[in-house]
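Novice: Numbered according to our numbering, the sequence shown spans residues 1 to 187.
It should be emphasised that the hints constitute simulated quantities derived from the structure, not laboratory data.
Here are the computed distance ranges between Cβ atoms for each label pair:
hint	residue 1	residue 2	range
1	D137	M104	22 to 28 Å
2	N2	R99	43 to 49 Å
3	N2	E48	52 to 58 Å
4	L6	Q55	43 to 49 Å
5	D106	G33	24 to 30 Å
6	L63	D106	15 to 21 Å
7	L151	S5	49 to 55 Å
8	E48	L9	42 to 48 Å
9	G103	Q31	24 to 30 Å
10	K123	Q31	36 to 42 Å
11	R8	K123	51 to 57 Å
12	P152	P26	29 to 35 Å
Beta carbons are placed, not taken as given, at the ideal position from N, Cα and C, and that holds for glycine.
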Amino acid sequence: ANTQSLERLTQKMGASLKSVVNALTPDELNQLGLYAAITYGSPAQLCEVSHIGYQVDLQGNSLLLEELDPLTNLAAYRIVQESVSNAVKYALCSNIQIRLRVGMRDDKILLFLSITDDGIGLKSLGQITHGFHSIRDRAMALNGVLHVHNLPGVRVHTLLRQETGYLSAGKNRNASPHSAKISPLRL
Numbered sequence: 001a002n003t004q005s006l007e008r009l010t011q012k013m014g015a016s017l018k019s020v021v022n023a024l025t026p027d028e029l030n031q032l033g034l035y036a037a038i039t040y041g042s043p044a045q046l047c048e049v050s051h052i053g054y055q056v057d058l059q060g061n062s063l064l065l066e067e068l069d070p071l072t073n074l075a076a077y078r079i080v081q082e083s084v085s086n087a088v089k090y091a092l093c094s095n096i097q098i099r100l101r102v103g104m105r106d107d108k109i110l111l112f113l114s115i116t117d118d119g120i121g122l123k124s125l126g127q128i129t130h131g132f133h134s135i136r137d138r139a140m141a142l143n144g145v146l147h148v149h150n151l152p153g154v155r156v157h158t159l160l161r162q163e164t165g166y167l168s169a170g171k172n173r174n175a176s177p178h179s180a181k182i183s184p185l186r187l
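Can you build the whole structure from these sequences, using the hints too?
Specialist: Set out below in structure tokens:
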């Protein structure tokens, strides 16, 4: 009886989490999908009104983007959105490049996000803002990692991992905790 109660509770929690994610998901992500929302949505529009060049490149098996669950889609979108917002506000940059690379390894979908600006870069760890911590937390929640590189400009490099159980479950994945590898913010 206790096992059945826990299973019902887990199902209810999964349904609640899914409804919260759906409520918090930007319309452009729901309507356009991840690639188009990043390419034409609010990150691109912010760069346009700020007179900053903006380029999005997609590499790998683009069909896998359609297989990403709502949590992974939302995390990827928000990571790009926050990175672009930080670059526009603080970097004094003239160009931002987004690279999405998607593939499979060991029954996991791997989504690499690289957001690079040609701005002034970070002078110190003191410039690591709440936005970077939010990006790190989103990546860690999906068993991913975040690296922030100080080049000329800044490169935010994130890896998100998704179990393929979402695919085989008919896109009705149970909400289960992910183990997280903690990766420090690196400059």
